[in-house]
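Dock chain P against the given chain V, drawing on the hints supplied.
Chains V and P, in that order, give the protein sequences. So the first sequence is numbered by our numbering: it starts at 1 and just counts up by one. So the second sequence is numbered by our numbering: it starts at 1 and just counts up by one.
There may be inaccurate statements among the hints.
Stated by the list, open to error - Across the chosen pairs, the derived CB separations fall in these ranges:
no.: 1; chain 1: P; residue 1: CYS155; chain 2: V; residue 2: ASN389; range: 46 to 52 Å
no.: 2; chain 1: P; residue 1: CYS155; chain 2: V; residue 2: TRP313; range: 40 to 46 Å
no.: 3; chain 1: V; residue 1: SER506; chain 2: P; residue 2: GLU60; range: 53 to 59 Å
no.: 4; chain 1: V; residue 1: LYS595; chain 2: P; residue 2: GLN131; range: 46 to 52 Å
no.: 5; chain 1: P; residue 1: CYS155; chain 2: V; residue 2: GLY407; range: 27 to 33 Å
no.: 6; chain 1: P; residue 1: CYS155; chain 2: V; residue 2: GLN441; range: 42 to 48 Å
no.: 7; chain 1: P; residue 1: GLY104; chain 2: V; residue 2: PRO111; range: 53 to 59 Å
no.: 8; chain 1: P; residue 1: THR165; chain 2: V; residue 2: ASP490; range: 52 to 58 Å
To be verified - Okay, derived cross-link-like pairs now, SDA-like style, lysine to any residue, Cα gap no bigger than 20 Å in a straight line:
no.: 9; chain 1: V; residue 1: LYS392; chain 2: V; residue 2: ILE253
no.: 10; chain 1: P; residue 1: LYS137; chain 2: V; residue 2: SER75
no.: 11; chain 1: P; residue 1: LYS158; chain 2: V; residue 2: ASP71
no.: 12; chain 1: P; residue 1: LYS137; chain 2: V; residue 2: ILE99
no.: 13; chain 1: P; residue 1: LYS154; chain 2: V; residue 2: ARG100
no.: 14; chain 1: P; residue 1: LYS158; chain 2: V; residue 2: ALA54
no.: 15; chain 1: V; residue 1: LYS595; chain 2: V; residue 2: LEU626
no.: 16; chain 1: V; residue 1: LYS67; chain 2: V; residue 2: ARG83
no.: 17; chain 1: P; residue 1: LYS158; chain 2: P; residue 2: ARG118
no.: 18; chain 1: P; residue 1: LYS117; chain 2: P; residue 2: CYS155
no.: 19; chain 1: V; residue 1: LYS67; chain 2: P; residue 2: GLY45
no.: 20; chain 1: P; residue 1: LYS67; chain 2: P; residue 2: THR91
no.: 21; chain 1: P; residue 1: LYS167; chain 2: V; residue 2: ASP71
no.: 22; chain 1: P; residue 1: LYS154; chain 2: V; residue 2: PRO121
no.: 23; chain 1: V; residue 1: LYS418; chain 2: V; residue 2: ILE99
no.: 24; chain 1: P; residue 1: LYS154; chain 2: V; residue 2: ILE99
no.: 25; chain 1: V; residue 1: LYS251; chain 2: V; residue 2: GLY298
no.: 26; chain 1: P; residue 1: LYS137; chain 2: V; residue 2: PHE369
no.: 27; chain 1: V; residue 1: LYS122; chain 2: P; residue 2: TYR151
no.: 28; chain 1: P; residue 1: LYS72; chain 2: P; residue 2: MET61
no.: 29; chain 1: V; residue 1: LYS94; chain 2: V; residue 2: GLU221
no.: 30; chain 1: P; residue 1: LYS117; chain 2: V; residue 2: SER75
no.: 31; chain 1: V; residue 1: LYS102; chain 2: P; residue 2: LYS167
Claimed, not checked - Reference listing, derived: stretches of chain V covered by chain P, where coverage requires no fewer than 3 residues with Cβ under 8 Å from a Cβ of chain P:
no.: 32; segment: 82 to 91
no.: 33; segment: 358 to 367
None of these hints come from the bench; they were simulated from the model. Remember, predicted model here, so these are calculated numbers, not experimental data. Think of the CB as a built atom: it goes at the ideal place given N, C-alpha and C, for glycine as much as any other residue.
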Amino acid sequence: MSALWRPPLPFLRLIAAGISRASQHRGLGTPAGDTIVIPKRIQRSPTDILQALAGTVGQDTTGPHYKYSDDPFLSPYSNLTKRSYALSKESGRKAARWIREKYPRLFSHRPDDPLIESFQPKQQYQEGEQVGVDTLVGVVARGEVANAVTVYHLCKNQGVALPDELLQDLLELLCFYNEEEQVDVEWVEERWYRQASTTTRKTWKDNSLAEEVFASLTTREPAAYCALIRGMAQYLQVDRAWQLYQECREKGIPLDTGTHNALIRVASFLRDASDLRWQLVQELLCTMAERDVQPDLGTLNATLEALAQVSGWRQARDLSLKVLMEFHQLGIKPSLATYYYLLLIHCRDRGPRSDILVGILDQLEGQSFTLQDPKDTSFFVTAMEVARNHLKSLKVAERVDSLLHLGDNHLFIGDSYKESVYYRHYFALSCSSLPIDEFMQVYDKLVPHIYTPEPGIMQEVLEAVQTSGALHYLPQLWSDMVTFDHSSRDKLVGLMLAALTHHHPSPDNPQLTERLVTIAKDIWTRVQEQDPNRRNRVTWTGQMLGWVVEVVVRCGEYQTATEVLQEATTTPQAVLGVLPAPSLTALLSAALHRKDTDTAVAVVLYAQDAGHQETGQMAQQVHSSLPLSNQHLAKLASALGRDVYLPHDTPAPAT
Amino acid sequence: MSAILQRFISRSQLSLWHNTVQWMLPGAELRGLHTTAIANKAQAGRYRVTRDRSRPLTYEMANQPFKIAHRKSWNSWNTTSLLEGMREPETVVEDIFIRRFMTGTWHNLFLSEVIIKRQHNMVRIAGIVHQKINAQKMYFLTGYCEELLSYWLKCPVKLELQTVTDKQDVIYKYI
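Bound conformation, chain V alone:
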């Protein structure tokens, strides 16, 4: 028995080995030279464990984002509800914040020890309040722009002398934010859903407090010039920024790297022609070299941004690569923003095809990034757009996507707009390049929690399903369309009906037939029950009704078809155009088959009203296959008149 026994698991085997080794050493002590090395303590931040834990959790594609309540009633599906739920929640938080600021005395309860600043009401400063230098130091350090302005004015009025260092800090704050209070960092959703402003006009406030503070400095240090030039350049007061720069050059005031970067970035606003702009950038770079100002990543990105603004220029591509090479030699590592500008320069809509993205991906694959430039967040969305529109390659798109989902890289997706554009490109590219079954796997993964298809994309999906004849996906698509509020869009409803007409019922697929005809009936009742006061309503067209009739007749729901015909006959003003002849013929043959004289006659009358050429033929068919009552004959005769020749050999109606 013991000879047969083996430790079943590797670790047990190790333990067994350890025991045997320990028994060998027993009594001998530790052999000399076998020192124990205690590793050095690694300093951890308070959130390191949380981050490590979070790193083990991947993205959950099966449920809504964790900011929403985990309840079917409270889960959003369409883009509209995703947005409105998230913003509603934040709006509630803002209401609470308002109450706290309005009635600070209600929040004087202090169970926290030590005091937690962020739960306390924010200090508001009013006219006549006693302030000192420390007050201003505090508000500037916390970055409260509006408070800083108020306190500065209070200090001036009360004759408080402000030291130059404090004024410098204040100047930097005012220049960085252009004297505008920023959206609080805590309003995550507002920042997520806000449209990033891409204004290209001057927003700098002339003759504002920043300039006043600058003027009030007793000694103007280079840092003061730097702050003002940077602020002016950032908010596109380029002429005065340039003036100041010239002044600094004349007076020999040294400027730092960031200021040069800001000027390079707005070079295209100072000159018109592409080559002149580039000349200016070169001048600035040469000045930096002359004055021994070390360039950094910001310089690289600013230079490429300047080139991206003249990306139509023939030399832009070559120059961008040269710039990259030169900075590489300086030992400056590019960030995602660098690659973003490269994509802008090399992959233009009307330019020649460039494979630069593939090269970039070869470099980046397997890396995770840290945020170094505000434009870093634009890389992924642009890369996906290039993969779809420029390279038209799903393989590249998948590489971009796998890079995005590596480690914490998904944080670089930017904001909600960029995210939806990213997934729109990825989704549309998958739709056009993958076989339908594989595409539907992508669909199931992304929809509805990661991405809700926009109407245009839904249209592409429906067309793909129709082309590939995979009609068994239609029920799923229709239920998604209903939840995404697409069921009131003419074009999509029309496409869905058109796709349904491609179904040919056979004894092999009774279940599919039943499910598809349910869709057609659902569309019919949904559109009929629309609220007449609604703005976006589906308007029936003759073609759409024709499709409804065709589908329901073919799938054996004759009753619905008669309803449709009745609707079209009684309220023709609600229908644009008329039902096409093939649908009417289909309905007529079904009516003849069922010996439903009323419907058959109604079809003929409708066809006559609609002016179809086939009316005569239809009338003869009805006449020859069904015994007609006097009333029916009279109706036909009065409607058709002499247009239609009814054969004489039909039995004369009994009078």
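Just chain P now, kept in the frame of chain V:
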């Protein structure tokens, strides 16, 4: 002695006699003669049966307090009553405050008890809510409660709500 007395004298008479003796002889020894309500007649957490059995009870209400930890669970989860647990009185008062705040803010919407769970520095508030207002308003209230309560309690507060379409959905039985 008291057993014999109880056999012959009705409860009200005994109580009257007890009071009289107390009044005439303050501090008189009456050991063995106790007239307080007996323990298993406690009324807290118990509901009176109606004649037509029309009183709706949720599962929580249908189980008496002694069934906690057997058939139902606690409404407040915290570690104050454990060995070296801290802030017991504060926690109790805060829980009362949270319950009042929640039922008042979600007016006529809570169909269950407000469950308060404390973990580390966080308070999680759970409950079942009636779908009487639309989802958007619910999200507004959620954000409002989370933020305002966190200002008072000085810690992150999270709401974990479930909703039901009909009040009947939470009724366990009628008595």
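Original post:
Hint by hint, which ones does the structure fall short of?
Top reply: 2, 7, 8, 9, 19, 20, 23, 25, 26, 29, 30, 31, 33
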